[in-house]
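Peer 1: Top line first, the protein sequences correspond to chains A and B.
Residue 1 is where the first sequence starts when you use the working numbering, and the numbers rise one by one after that.
Residue 404 is where the second sequence starts when you use the working numbering, and the numbers rise one by one after that.
These are calculated hints, taken from the structure and not from any lab test.
Do not take every clue at face value.
Think about it this way: if two alpha-carbon atoms lie no more than 27 Å apart in a straight line, the pair counts; the simulated BS3-like pairs of lysine-lysine are [what the hints assert, rightly or not]:
| id | chain 1 | residue 1 | chain 2 | residue 2 |
| --- | --- | --- | --- | --- |
| 1 | B | K523 | A | K17 |
| 2 | B | K523 | B | K565 |
| 3 | B | K565 | B | K545 |
| 4 | B | K545 | A | K10 |
| 5 | A | K311 | B | K422 |
| 6 | A | K393 | B | K470 |
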Amino acid sequence: MGNEITDLIKSALADFKRNKIRTLLTSLGIMVGVLSVVLLIALGLGLKNYLAQQFESLGANLIIIFPGNISSSEEGGGLGNFGAGFSGGANFDEKDYQSLSRINEADFVVPLFMKSSIIESDGEKELGYVMGTNEQAFEVLNLEILQGEFFEKADVSSRAKKAVLGFNLADGLYDLPEDAIGHTIRVGDQRFKVIGVAKKKGDREQDSGVLVPYRTIFGTLDVDETFFTIYLGTVDEDKVETVKERAKEVLLKRYKEDDFTVTEQTEILSTVNQIFNIVNGVLVAIGSISLLVGGIGIMNIMYATVTERTKEVGIRRAVGATENDILKQFLAESVILSIFGGTLGLFLSGLIVLGIRAFFPASINLFSVIITLVISSAIGIFFGVFPARRAAKLPPIEAIRYE
Amino acid sequence: MIKLQNVWKSYFLGEEEVKAVCNISLNIKEKEYISILGTSGSGKSTLMYLLGFLERPTSGKIYLGNKDVSTLSDEELSRLRNQSVGFVFQSFNLLNKFTVFENVLLPTRYIRNSIDFEPKVRAEELLKKFGIWERRNFFPNKISGGQQQRAAIARALIMKPKIILADEPTGNLDTKTGDEILTILEHLNKESGVTIVLVTHEKDVAKRTKRKIYIRDGELVEKYL
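Please build the complete structure, drawing on both the sequences and the hints.
Peer 2: In structure tokens:
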């Protein structure tokens with residue numbers, strides 16, 4: 001049995017050697033197919049990883065309140081309103097922040113306004129995110145100080161023109177991030193004095209953020225004096241549910257149920273994961289089309305090969321090959337071609353993923369490796385079986401007379 | 404050894420039925436050296452392929468020894484071809500992608516029973532016997548026709564068959580080389596007792612065999628016309 005398989009492989013390789021270009025071109029179809037499927041899975045996973053990182057960079061026991069409602073679409077529990085949720089619904093303002101602050105069980109209440117802006121300093125410009133928030137944000141967002149200090153509660157009420165820069169932003173504007181302290185930055189028409197630089201966090205938005213007291217930008221950068229999100233934090237994990245309930249009660253006094261969402265980051269993560277599973281499925285389906293085309297390419301070539309080698313089939317039959325032997329021989333060839341193409345595609349997508357990992361957390365998991373090899377051999381068998389059957393069913397006498 | 408009883412074989416060429424072999428009864432005895440003589444299209448090759456179990460008859464019976472083989476499965480017929488029959492063809496029919504040595508070993512890839520010889524040793528013996536051992540690593544299209552036919556005979560003999568079926572074995576060779584090939588076949592018959600069926604259209608070739616059978620339009624006839 002083992003001997004027979006070695007024989008089949010040897011014989012197939014001998015044929016490939018004689019038709020190197022054709023072999024390569026045939027495998028190319030499968031290679032491209034596998035490449036696209038694996039790459040799309042890798043990118044999908046990367047996107048998921050990226051979002052998971054974003055959420056993990058927020059502290060634990062965090063309750064997030066944002067406008068709109070992700071769980072009240074008409075179908076009931078669907079994701080239909082997810083996109084709309086960020087733009088529609090309630091506009092949280094300082095009054096909401098104040099009432100939420102009165103919840104006893106909440107240890108932190110952090111409002112957040114966010115807007116992307118050009119940040120200028122000493123003639124240098126960088127794109128960053130202005131984040132209007134309060135002094136508790138540093139704790140809730142897990143920020144650590146690299147140089148200088150964070151602003152304080154008093155700075156919020158006094159509308160102090162102080163700013164704490166994210167690491168990347170400070171790095172971009174000055175020779176050394178630490179040099180930022182004491183400099184003045186300009187955002188729109190407003191100027192701020194840099195009093196602190198945060199350590200690098202690995203979160204793109206936070207690392208290029210400018211944290212300023214929220215009241216300082218009311219009426220200027222934050223024209224409507226509203227917040228994008230309000231975070232509530234508890235030290236004790238057991239209090240998360242209570243705080244959620246309280247927050248809902250507070251907000252319901254002012255808004256309708258559909259105008260806001262109170263959620264935890266784990267809930268958001270699972271919603272996001274659901275979305276990405278769907279997106280991933282669609283991507284894989286698209287990639288599979290090229291695999292299908294590759295498979296048809298193999299079938300095409302195998303049919304040509306069978307015709308070309310009719311005489312060989314006749315000779316082999318004459319010396320004692322059964323129909324089954326011939327079937328196995330041709331099947332082995334198409335399977336080897338497919339696996340060869342599949343491995344090549346896997347290898348190539350591995351290289352590409354390694355390349356893009358520098359700026360995007362794409363990844364190839366064991367699942368995609370296994371599924372690729374299984375699928376490419378399945379393609380080899382499926383698309384090889386028709387030509388191989390034709391070869392096996394050739395009448396020996398006609399085959400041997402074929403010129 | 405092989406007995407044909409009222410054997411018919413017909414093909415379909417599109418809608419038209421072509422009767423290649425009509426009602427032939429024939430008995431080939433062990434260790435016989437026999438020629439089947441006929442013009443091209445007379446059905447002599449079809450007859451040979453029937454004798455070599457490459458195809459089943461449309462009707463009639465074929466016996467190998469006392470066993471009726473006309474209704475055997477593909478698997479069983481293939482085993483018979485592998486073990487009991489060796490084919491030699493006009494155009495040699497070696498596989499150009501394999502070396503001479505590998506070509507000679509080709510039938511041993513399809514062995515289904517135990518054998519009493521070491522394939523490579525026997526291949527070496529045969530190639531040495533036919534004087535082409537030095538050519539063993541050549542590809543068939545790089546050696547002469549006579550050498551190719553010797554390699555083909557070695558391939559036909561590797562499984563120690565009881566019968567060799569040769570279809571115009573000298574057809575692609577010059578007279579001298581053809582003679583050498585026929586001499587090899589004669590020796591095999593005389594010394595090793597291999598039954599040889601020689602299919603040809605040349606009277607001169609057939610003359611060298613002990614028994615001659617004439618075929619015309621698929622039927623056995625008394626005389627070669």
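Peer 1: Does each hint fit the structure? Answer for all of them.
Peer 2: Against the structure, the hints:
Distance check on the hinted pair: K523 of chain B and K17 of chain A sit about 24 Å apart at the alpha-carbon level, within 27 Å; holds. In summary, the hint linking K523 of chain B to K565 of chain B is supported, as the alpha carbons are separated by about 20 Å, within the 27 Å threshold. The suggested pairing of K565 of chain B with K545 of chain B is violated, with an alpha-carbon distance near 31 Å, which exceeds 27 Å. Among the hinted pairs, K545 of chain B with K10 of chain A is consistent with the structure: their alpha-carbon atoms are about 22 Å apart, no more than 27 Å.
Note on K311 of chain A and K422 of chain B: the hinted pairing holds, with a Cα-Cα distance of about 24 Å set against a maximum of 27 Å. As the CA atoms of K393 of chain A and K470 of chain B are separated by approximately 26 Å, the hinted pair is consistent with the 27 Å bound.
Hint violations for this structure: number 3 only, all remaining hints satisfied.
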